[in-house]
Amino acid sequence: MEKPLFNEGKKSRVFTVDKVKIENEKTHSLIMKESMQSEPGQFILVWIPGMGEKPFSVAASDPLMITIADVGKISGQIDRYQPGDRLWIRGPFGQGYKPYGENALLVGGGYGASPLLFLAETLLKKDINVHVFLGARSSDLLILVDEFEKLPVTLHITTNDGTRGIQGFVTVPLEETIQNLADIQNACVYACGPKKMLFGIDALCERYGIPRQLSWEAIMRCGMGLCGNCKIEMPDTWKEPADKPGSKKAWLVCKDGPTSFTK
Amino acid sequence: MPDFSCRLSDQIQLKTPIILASGVSGNSDSLLVRAAKSGAAAVTTKSCTLKYRPGTDNPASSDWGCGLITNLGMTNPGVDSMVYLINAYRQKAADSVVPVIANIYADNVEEFADLTAKIKLAQPDIVEFVLPDHDQGLIAEITAAVRANAGTIPISAKISATCVAIGKTARTAQDKGANFITAVNPIPGMLIDAFAAKPFLSLQSGWITGPSLKPIALKCISDIYKEVSIPIIGMGGVSSGLDMAEMMLAGASIVGIGSAIYYRGYEAFTKILEEFETFMNTEGYNNLAEICGKIWR
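Order-wise, the sequence lines are chains X and S.
So the number in our numbering is just where the residue sits in the first sequence, counting from 1, plus 353.
So the number in our numbering is just where the residue sits in the second sequence, counting from 1, plus 716.
Hint data in this document are derived by calculation from the structure and do not stem from the laboratory.
It should be emphasised that the depicted structure is a prediction, and the values quoted were computed from it without experimental measurement.
From the three backbone atoms N, C-alpha and C, an ideal C-beta is built for every residue, glycine too.
Heads up, some of the hints might be wrong.
Within a straight-line C-alpha distance of at most 30 Å, the following computed DSSO-like cross-link-like pairs (lysine-lysine) qualify [claimed, not checked]:
1) S:Lys767 <-> S:Lys935
2) X:Lys503 <-> X:Lys602
3) S:Lys987 <-> X:Lys451
4) X:Lys374 <-> X:Lys364
5) X:Lys426 <-> X:Lys478
6) S:Lys935 <-> X:Lys363
7) X:Lys549 <-> S:Lys808
8) X:Lys426 <-> S:Lys987
With the C-beta cut set under 7 Å, the calculated list includes, among others, these residues of chain S facing chain X [to be verified]:
9) Val740
10) Asn743
11) Lys753
12) Ser777
13) Lys914
14) Gly1000
15) Asn1003
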């Protein structure tokens, strides 16, 4: 085959919607006809020509699936997409989750659950035991529950208002499960959700000395590690790698992350 | 090991000839600290204007295969916040602090004068100002206005690759008191998605940086080197030690990097410098003076 003149792999390309799946009143998933090789925890940028571009987690890679909550201009627009409609996607970007140990504890806060289904499937293929903890303010904000119920995982659900599962925060069943682990060093917590929740989970994990991989959210602009818009400060517990001096106080979610590691 | 320290002027001594160019990480004090700790011998803030500019919607940039295209819509916190940011950078960097170059951008002579007087409060090590592309009269007036308002702070005129009569422009800036020339500012360009039948960036066009800018920058720096006697801060698509050597051979005294951080991470500073050092050693150069502008000797 003729060698391409230059590498256009990083540019946006056309994807076509194959199926639309309703998750809840405000959330649905688009399953594309095409696939995109990617790891759970990586993100993609979805462009609606003339409207704008927004980052989303990869919810499945083959075929590519994205889970969208109807919040904001772009998401509201994608909300109306039907089979046969086209959208433009580039990626995958960033560092995804790295499977580790024998027991995996997956924690999703609200829409933060969107990369965890893909992660659970990946971990199960590696014969890792999977516990899933889904938390939301209310039952109508939980996503992907039906999908997780179909998998051989232990599912824990919490809502702040008690409309489904245990009333309270997701950290309660998480802590109980950590306490019952036979070998903490051979387990890992994988979390995705709002910053405050991740700080809470990080502190909890630090108390028990359990490894964790946290996937951070931020408002992204360039997505290429240049503009600095998605810069965050990492928790005190996070150890700055020797080859990335200064990154603890200026960690780029798009390039250093979105996943941070202790293991 | 070759001697890498470079004396840009009586006031400014850099430990190596590689610095952070304007536009990358420059809207954040902690990212400037990260660049300094990663090996930048000086850091440059993002272009700041008199008033805060919020910037544009996404998409604001893309890798298009032979380089990058970016248009963030001049997003910056405004000069007053930039003064605060520079001070915060110095405080947070502590022992790792390196000289800071404050980049300013205005639409007319009066604004440039005002901006220079305001940014001076942060006592940057260099004030870098972006010159217009043509009109030698305006180029002279702007340079004189920045010079008059900068006090004892050295100033550097930043020239765009699209500048008409680039050598002459640099000469005008030197004659009006510029201490250095920064070259180049990138060239405008556009990405169009054929299937969407629309421009890709939200602002339609943007600035082309990365590898595709390098040959253009080398020609510009050559043209400037032949016209001026002041040091040139060279930039435009440098992403390896050999790129750096080429830019110095064309006439740059030091080299700035930006898009290389996308291609190689913040480690780009140390990696590029190591590659440059290997080149200097194998080719038998003893110091930077030997390589600077060598193609013209």
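Status of each hint after checking the structure:
1. S:Lys767 <-> S:Lys935: Roughly 35 Å between the alpha carbons, so the hint for S:Lys767 and S:Lys935 is violated.
2. X:Lys503 <-> X:Lys602: 41 Å, violated
3. S:Lys987 <-> X:Lys451: Judged against 30 Å, a Cα distance of about 27 Å means the pair holds.
4. X:Lys374 <-> X:Lys364: 27 Å, holds
5. X:Lys426 <-> X:Lys478: Given that 30 Å is the threshold and the Cα spacing comes to 37 Å, the pair is violated.
6. S:Lys935 <-> X:Lys363: 28 Å, holds
7. X:Lys549 <-> S:Lys808: 25 Å, holds
8. X:Lys426 <-> S:Lys987: Violated, at about 41 Å.
9. Val740: 5 Å, holds
10. Asn743: S:Asn743 check passes; min Cβ-Cβ to chain X is 6 Å, inside 7 Å.
11. Lys753: Because about 4 Å separates S:Lys753 from the closest Cβ in chain X, which is inside the 7 Å limit, the hint holds.
12. Ser777: 4 Å, holds
13. Lys914: At about 4 Å, which falls below the 7 Å cut-off, the nearest Cβ of chain X leaves the hint on S:Lys914 intact, so it holds.
14. Gly1000: It is violated, given that the least Cβ distance between S:Gly1000 and chain X is near 31 Å, above 7 Å.
15. Asn1003: 27 Å, violated
The structure shown violates the earlier hints numbered 1, 2, 5, 8, 14 and 15.
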